[in-house]
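There are 2 protein chains.
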Amino acid sequence: MKRYILTVSYDGTDYCGWQVQPNGKTVQEVLNDAVFKAFGERAVVKASGRTDAGVHARAQVCQVDLNADIAGEKLADALNARLPDDISVLNSTAVPDTVDIQSIAKAKTYRYYLYFCQRKKPLLERYSTWIKGEPDIEKMREAAEILCGEHDFKAYCASGSQVKTTVRKIFSLKVEEQPVPPDCKVVYIEAYGNGFLYNMVRTIAGTILWYSQGKLTKEDLYETLKGNRNKVGKTMPAKGLVLYSVGYGAKVEYDGYDD
Amino acid sequence: MKRYILTVSYDGTDYCGWQVQPNGKTVQEVLNDAVFKAFGERAVVKASGRTDAGVHARAQVCQVDLNADIAGEKLADALNARLPDDISVLNSTAVPDTVDIQSIAKAKTYRYYLYFCQRKKPLLERYSTWIKGEPDIEKMREAAEILCGEHDFKAYCASGSQVKTTVRKIFSLKVEEQPVPPDCKVVYIEAYGNGFLYNMVRTIAGTILWYSQGKLTKEDLYETLKGNRNKVGKTMPAKGLVLYSVGYGAKVEYDGYDD
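Chains A and B, in that order, are what the protein sequence lines are.
Residue numbers for the first sequence follow this note's numbering, beginning at 1 and rising by one.
Residue numbers for the second sequence follow this note's numbering, beginning at 1 and rising by one.
Worth double-checking, as some hints may not be accurate.
Copies of the same chain look alike in the list, so a pair counts if it fits in one copy or across any two.
Calculated cross-link-like contacts (lysine to aspartate or glutamate; reagent style DMTMM-like; alpha-carbon spacing at most 20 Å) [to be verified]:
id: 1; residue 1: K169; residue 2: D86
id: 2; residue 1: K239; residue 2: E223
id: 3; residue 1: K239; residue 2: D14
id: 4; residue 1: K120; residue 2: D33
id: 5; residue 1: K239; residue 2: E145
id: 6; residue 1: K46; residue 2: E219
Hints were generated in silico from the structure; no laboratory data involved.
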């Protein structure tokens, strides 16, 4: 048996999230099926963490144990030949079976994309959320500065989720504008942290937006960090969220990207 | 009766092209329906030209005649309230009924998007076509230079199409690289001309690509301009093509974009 690490990218639009579930197609299920088609083995592809229904991944990190003895770098193409266009293995490598991605994943980066303009743009709709009007980047950055750091994010977590602790540390929370035509502004909120609760990034995005629109005050933001759910902004739609990368410390990079 | 000009953007993925047809949903049909829902009128929305199944539009230009007396700039929102997320009216304006967009459209710009990298990227798949390997931009530009200009493009036109003449003038044919992560290169071929035949831009894109990959020679390119269909490259998939803008001369811009 040999352990492999895979960097996987997917367009989550047509999937009920990462994890196998009884109702609806999931990314994990399609990857498990590709492994079976390629090697006749019923192995389970594990991810560094789940993503929700409709959420995308630029570079999710996964592991799988196979009896098939294939060179690490060849596994990607063997699976890609059995995968649909909306899931792709960007690279693959064999690792010692003492490696466990869920325990060594030290950080994750998510981006939430918004676009601001007068009217909806169909060619931006798939991967970002339309906000009518102009962005106030400075105000968005003010909110991001308040939310960045180690906090109890229970106000940002969908109720009903079961976790040991709702404390998480956000190492950086940036608001950046992308170069696009002058009549439209694409802005992403990039959250880099040691872990994120269910819906946390989407609710942070909504809170930063609402603060920038004057719907929340600084005091409201501080209240949310004390656990007040009534002061958080809207949980933004899944389509604007992408798992950007998974970090394993400075020297170990499995994300298939150099930037 | 009042005439209105609309700038319309659409994601063509789920449509059988622009023009109403018996089998399958078209962009024109959905716009006609939105007009009916908004005003109770069975008007026909006309475009500056058709786009094929799966082709996108950043800024198509359309016109419609209505009995409803609505301020020009308000028509866009009235229709958008009745349109799905993949079609949007970017702006609208009332014009004298002597204006006819099909006769005054002087030029069109299309872009064909390709992305070059080792493995398929799901987040680029919707609007561009994957090419394995590295682009040779200089070779692509060599081919573009040969094809640019006024020529008989009958070799680039799907057979069976009925047009008076297959001579068209391409004013400029650019090959540009977009800034993206270093492991992947997005390249677009931008064709600006006085008109394009059925499948012409997609076949030009395939021909430029094949030349850059050494599958065609300069002599082959000159042969195509004499009408030899056997020397053109592949007709590239519709998904990478977008009608970028429609030009009405230097002073009249209806495209909703400033760039």
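These are the hints, each one checked on the structure:
In the homo-oligomer, the alpha carbons of K169 and D86 never lie at most 20 Å apart, since the shortest distance is 31 Å inside one protomer and 38 Å across protomers. For the identical chains of this complex, K239 and E223 are neighbours neither inside a copy (28 Å) nor across copies (47 Å), given an alpha-carbon limit of 20 Å. Proximity of K239 and D14 under a CA criterion of 20 Å is satisfied in both settings, with 10 Å inside one chain copy and 18 Å between copies. In this homomeric assembly, K120 and D33 come within 20 Å of each other (Cα to Cα) only across copies, at 19 Å, whereas the closest approach inside a single copy is 37 Å.
When the C-alpha separation of K239 and E145 is checked against a cutoff of 20 Å, the pair qualifies neither within a copy, at 25 Å, nor between copies, at 40 Å. Proximity of K46 and E219 under a CA criterion of 20 Å is satisfied in neither setting, with 41 Å inside one chain copy and 53 Å between copies.
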